[in-house]
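Colleague: The primary structure of each chain is shown beneath.
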Amino acid sequence: MTPSNGLDKLDPLLQHRSRLGALVLLSGADAMNFTRLRELLAESDGNLGAQLRKLEEAQYIEVCKEFLDRKPVSWYALSARGRQALKAHLRALEAVIKSAKV
Amino acid sequence: MTESHQLQDDLRFVRNAVSRRDSSSRTPPAIYYVVAAYVLIGYAMIDVMPRYCGLFFLVGGILVGVVSAQIGGRAAKRAGEQDAIKSRSEALHWLGGIVLALLSTAALAAIMPPLRGTMGSQVLVVMIGIVYFLGGVHFERHFLWLGPVLIAGGVLVGFVPHYGWTLLGLIIALGLVVPTFFPPRISLDPNADSSEVR
Chain F
1 MTPSNGLDKL
11 DPLLQHRSRL
21 GALVLLSGAD
31 AMNFTRLREL
41 LAESDGNLGA
51 QLRKLEEAQY
61 IEVCKEFLDR
71 KPVSWYALSA
81 RGRQALKAHL
91 RALEAVIKSA
101 KV
Chain A
1 MTESHQLQDD
11 LRFVRNAVSR
21 RDSSSRTPPA
31 IYYVVAAYVL
41 IGYAMIDVMP
51 RYCGLFFLVG
61 GILVGVVSAQ
71 IGGRAAKRAG
81 EQDAIKSRSE
91 ALHWLGGIVL
101 ALLSTAALAA
111 IMPPLRGTMG
121 SQVLVVMIGI
131 VYFLGGVHFE
141 RHFLWLGPVL
151 IAGGVLVGFV
161 PHYGWTLLGL
171 IIALGLVVPT
181 FFPPRISLDP
191 NADSSEVR
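Residue numbers (this note's numbering), protein chains in the order written: chain F, 1 to 102; chain A, 1 to 198.
None of these hints come from the bench; they were simulated from the model. Every residue gets a Cβ at the ideal spot worked out from N, C-alpha and C, and that includes glycine. It is possible that part of the hints are untrue.
Said to hold, decoys possible - These stretches of chain F come out as covered by chain A in the derived footprint (C-beta under 8 Å, 3 or more residues):
| id | segment |
| --- | --- |
| 1 | 18-25 |
| 2 | 61-68 |
To be verified - Some, not all, of what chain A presents toward chain F, calculated at C-beta under 7 Å:
| id | residue |
| --- | --- |
| 3 | Ser4 |
| 4 | Asp10 |
| 5 | Arg12 |
| 6 | Arg20 |
| 7 | Asp22 |
| 8 | Ala76 |
| 9 | Gly80 |
| 10 | Glu81 |
If we strip away everything but chain F, and leave its shape as in the complex, we get (with noise of 0.2 Å):
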């Protein structure tokens, strides 16, 4: 495949597995935990945590922390920046997918 066929469209960080299935999960709900992610991408604390990270500094994803039974909680959620990203991204795929069918 060549740039041409739509690979140059797609969003550098979320070509990693972990980093746009986080993205995926995070836009069918208002928002995840870090232990509920880690459960569903069956990822490791530490990879997990450092992907999450490169979201977060992208502002893909907001973060907010709390206690539940005095233990802290982190809470990611979708921002708009990371929706739209997402969005351009899987047309890309879509776009890709569709030039190798061809």
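Given chain F, work out where chain A should sit, using these hints.
Modeller: Same frame as chain F, now just chain A:
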């Protein structure tokens, strides 16, 4: 691995994560226990204290709704997920469906006098059975068979000479409680094909 294979692999990973989410989003068992107790007591009252069962269903129904919403909210927080859209659609289905069934039965009874007694209750149970069945289509699979059981029970209860409603209440309560002891198995392998996730 080529780029297209890498993309396929990544998309399978994401699809499996979404499948795991869908299959692990279950109604907290405590809600079923509360509804089962409400149904069991209410249906038994039709047989033994028919004068008060209407009041019980009205007041109890409101209480069950409030308690279920509280249990659901707490369980969602514990499970690590907040989804207002899903909560609203579930509330609309159950509350809206049962209120509509109630209003429809009342409207039918207003123009069909034979429905003003026990027969009206039978029609209401049949309609609630349809709401249960649709609950199975949209939310929890075991309502797919519990709905038809309720519909059949609503039709047949008239043929049972004694304690027919109590028996029907017991069957429904068991239908609500028993599936909570057999939760679906969830695969946690990120690379497993989503068809393995029930």
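Colleague: Hint by hint, work out which the structure violates, then give me just those numbers in ascending order.
Modeller: 2, 5, 7 and 8
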